[in-house]
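Asker: Hints given; two lone chains; assemble the complex.
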Amino acid sequence: MKRQISAPRGLWFIAVPGIALVVMPVLAVVWRTNYANFWTSISSESSRVALLLSLRTSIMATVLALIFGTPLAWLLANRQFRGRLFLRALCVLPMVLPPVVGGVALLFAFGRRSPIGGALDDWFGIQLAFTQTAAVLAQFFVAAPFFIVVMEAAFEQVDQRIVGTARTFGAGPWRTFLTVTLALVRPSLIAGVALTWARALGEFGATIAFAGNTPGKTQTVPLAVYSQLESGGDDALALSVLMIIVSLAVLIGLRSSWISVLKRGGA
Amino acid sequence: MSIKIDCLLERNNFKLDVQLEVEPRSVLAITGENGSGKTSTLDMISGLLACTEGKILLNDKVFDDATTGEFLQPEFRGVSTVFQGGSLFNHLSVTRNITFGRGIALKDTSRFHEVVAQFNLESLLSHKPSTLSGGQRQRVALARAFLAPSEVLLLDEPTTSLDVNSREGILKTMQNFFKTYDGVVILVSHDGAEIAELATQVAKIEVSRGKTTEAKLRA
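Taken in sequence, the protein lines are chains A and B. Mapped onto my numbering, the consecutive letters of the first sequence carry residue numbers 2 to 268. Mapped onto my numbering, the consecutive letters of the second sequence carry residue numbers 0 to 218.
Hints may contain errors.
Said to hold, decoys possible - Some chain B residues close to chain A (C-beta under 10 Å, calculated; not the full set): (1) D42; (2) E74; (3) G100; (4) L153.
No lab work stands behind these hints: they were computed from the structure. All values reported here derive from a predicted model rather than from experimental measurement. Every residue gets a Cβ at the ideal spot worked out from N, C-alpha and C, and that includes glycine.
Next comes chain B alone, as it looks inside the complex (with noise of 0.2 Å):
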């Protein structure tokens, strides 16, 4: 189940260039400065921006060709997302948040109780996610993309916004699902603490900035 890219990101004056091979149950930690397109490298892979050339493949399914114009839409391509500030939807409860897409039957499964649990979501289950705190409203977004059924998992600076004593409890939590998940995860982080405790793997989006800004990302 690896994820292989080999495509580029054409825009205005930015140019990403981006080749990787991410073998199942690894955790590649990509880095690189700010605008360098670390988030861009997650939007092609989830499929919020299409390749201007080249290919993404997961397996032998095609989530995007350049060549001959395929595009998997993003609710078909089984990745779980977690974006900075955690993209909840603020209008749903917490429960409806973490089973957002799958229907609220899954709620009765002990599956998810067992991550809502693990996040320590009990008694936050029918509020809404505007009157939690960030470390909270994380905790949210990392549960509803532990819950969803996935082959790749995406993380955007996933403890950035928690304060010390919280990110440790959800950087353990972290490792052990990694432990017992199948899939690609790729997580973006500037924090070295992070991608120790985390990452099996670590590529650094290399930027050379001239008329236009070249990002090169291999791995």
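Chain A extracted, bound-state conformation (with noise of 0.2 Å):
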């Protein structure tokens, strides 16, 4: 018996299904894998390629997300406006949001058909649509939304007191911010943008919709491993286990962390 008040009877009979929808698919496609060609399935050609393709559009997605979306979440904590929860509801839309519908979105916003995308190829010949550029701004567009949740939540738990001291000793608005402000919401910024990227990384709907599949060019992991899918190789089982890999990583990493973030904002 243990030494502890008791929990409600039966709790882990319901439990443990729920959990094994989660783990059984994951490790059906770890057990899968062909290991004895794990290495040259993720050193192919067409995996290199889609390996790197998909780390410089994450890397550039959560820059992004990492420069708009921390003023964004800062005067969403920090400043009564008007039309403030109808901002905050836009800029999390995209979590809710089919990422095939946000791609489709992009499109007719950026397409070449669309106003801004002829605008762009008619004045300076640059076309959004099906290239890398798209593949990062889907990505931005699905993972950003994670950034400024995180961060806002963040915002909101930063000690007023704190940042009104540097104040009052002589620091201006911009310092205090640079030097106050993201100290205290360093735990939460690694956090932000840990998932951020996570996220841009595994970004499929929308991508397809607003970039396209192109190896190469436009196609991602996640895309690849669609791709190769189709064609029966063993190269989107060991591309598979390496996205379950780095996603693992990143959440046990920052387990400490994003977990104490979701829970203060309760998001």
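Answerer: Following this line, the structure appears as structure tokens:
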């Protein structure tokens, strides 16, 4: 007998099937992968190209989220303005929207036949849709909300007295933001960046709709997995295992900080 | 260099009416029950809160004027603060906390060494505040406020978190500092002994609780 207050009976009985539903597919992939060819699979020309492309685009999407998301999150957390709740809902919308819908929306906003996309093409010869930039934008669209939600919660938790103290001792608003506020939210910032990057790395629906699935150009790892699965290769499983390892590494590496961030934020 | 406050702060069901004038070289102690607006009064002076009505002046320098819309940002007011709990920057060393806002160059001045010695902080300069005891943290906060050039010094229960032994020493240090300080000191305190040792005048916030809580401070 454990010497502690008793839990409702049978919780484990109900929880375990739920865990199994999540764990079994992951185990199945790990189980079925041909490890003799694992290294050959992930270092094959097509896999390597997809991996490098994924790495590059997901890092760029994360940097964009960091640059644009940080000020936005600060404003949402610290300023009362008209339409704040609506703006927050808009920022979070991509989290609940099917990513493929996001991709279609991006296509209609920046595709060649849209006013913006058309103007970019006519005036500057810039085409966004079905390019690497489109892959970055698609990942940004889907992943940035994770960063904004985490950072808004973090900025809300900042002790305003410490920020105020910095101001009374002569630091202006920017200096206070850069040297005090950012230091106070650093754990959340790291967790937010990691979550956003992991989400960007795994992005599929918005990318395939807005950037397409061109090997070597817009075919990121999730798209490569999908394509290679259709052609029945081992490479799909090997890449899947790699994605699982990377995602787990991110979550385990940050387990304490991101769990506390999500708890605090109630997000 | 007197500070003149005539202002009203209205928030939800709370109304704080402050009228006070404090001359330089005097130490005003503000007392009053919890939630009566002592800290809010300090916040209006330091610029962390704006008055709803009225104005705050330091000589002819306008800190805040609800009629004209003038509002001087905290970093330009020349007001040093010691808030409850110290409000230290936990990611910075004690030295950087004490010299915050005026650059690390300050650490080579004789004034810096004097203040550090007064507060017995020599051995703690490279420490992070999170490794210090409550009393040590409060000494750092006081050192920072005493070292910063200021015309007004705001202290929110500066010795509350200290144990009896360190309290005596710090009260003495504060007393000595006030003797040489040309500005205005406003001290929020619950503690009769602290007030008796430090303050030159005392004002109590009178509270009447009805549908809205109305608090009044006159000095």
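Asker: Run every hint past the structure and note whether it holds.
Answerer: Checked hints:
{"no.": "1", "hint": "D42", "in the structure": "holds, 8 Å"}
{"no.": "2", "hint": "E74", "in the structure": "holds, 5 Å"}
{"no.": "3", "hint": "G100", "in the structure": "holds, 3 Å"}
{"no.": "4", "hint": "L153", "in the structure": "holds, 8 Å"}
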